[in-house]
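Chemist: From just these sequences and the hints, can you work out the full model?
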Amino acid sequence: MTNGRRITMKDVASALRVSVSTVSLALRGDARISASVQRSVKEEAKRLGYRLSLNGAILSQAHPRIIGVVANFEQELHSAYVKEM
Numbered sequence: 022m023t024n025g026r027r028i029t030m031k032d033v034a035s036a037l038r039v040s041v042s043t044v045s046l047a048l049r050g051d052a053r054i055s056a057s058v059q060r061s062v063k064e065e066a067k068r069l070g071y072r073l074s075l076n077g078a079i080l081s082q083a084h085p086r087i088i089g090v091v092a093n094f095e096q097e098l099h100s101a102y103v104k105e106m
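So for the sequence shown, our numbering puts the first residue at 22; every next one is plus one.
It is worth saying that the hints were derived from the structure and are not from the lab.
There's no promise every hint is true.
[Unchecked claim] Mimicking SDA-like on lysine to any residue, the simulated pairs with C-alpha atoms at most 20 Å apart in a straight line are:
hint	residue 1	residue 2
1	K63	L75
2	K67	A56
3	K63	A34
4	K63	A92
5	K31	R60
6	K31	L46
7	K67	S55
8	K63	I28
9	K31	V91
[What the hints assert, rightly or not] Taking CB as the label site, the calculated pair distances span:
hint	residue 1	residue 2	range
10	E97	G50	46 to 52 Å
11	T29	A52	20 to 26 Å
12	L98	V41	43 to 49 Å
13	R38	E97	57 to 63 Å
14	V91	S55	16 to 22 Å
15	G50	G70	19 to 25 Å
16	D51	R26	43 to 49 Å
17	R53	A92	44 to 50 Å
Predicted model, so just to flag it, every value in this text is computed and none were measured.
Using N, Cα and C, we set each Cβ at its ideal position, and we do this for glycine too.
Modeler: Take a look at the structure:
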């Protein structure tokens with residue numbers, strides 16, 4: 022963490038003076054990014070303490086397949102709807 026906050030891809034990109042897209046592709050091992058750049062990105066990410074945010078990864082998908090439900094379980098109708106999901 023930096024100043025009490027989580028290290029982001031933007032932090033890694035800034036440290037290496039590359040784009041956030043390059044960092045993202047390098048961390049995924051994309052063939053469009055050279056092996057030497059991938060190695061540099063992975064080393065810098067490790068040095069800075071970068072960790073993948075699972076919430077961010079899920080939300081960045083085109084179709085995350087996540088829904089939120091707010092229900093009052095004291096009301097029988099709400100309970101029935103949630104059970105059917």
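Chemist: Hint by hint, which ones does this structure get wrong, listed from lowest number up?
Modeler: 4, 9, 14 and 16
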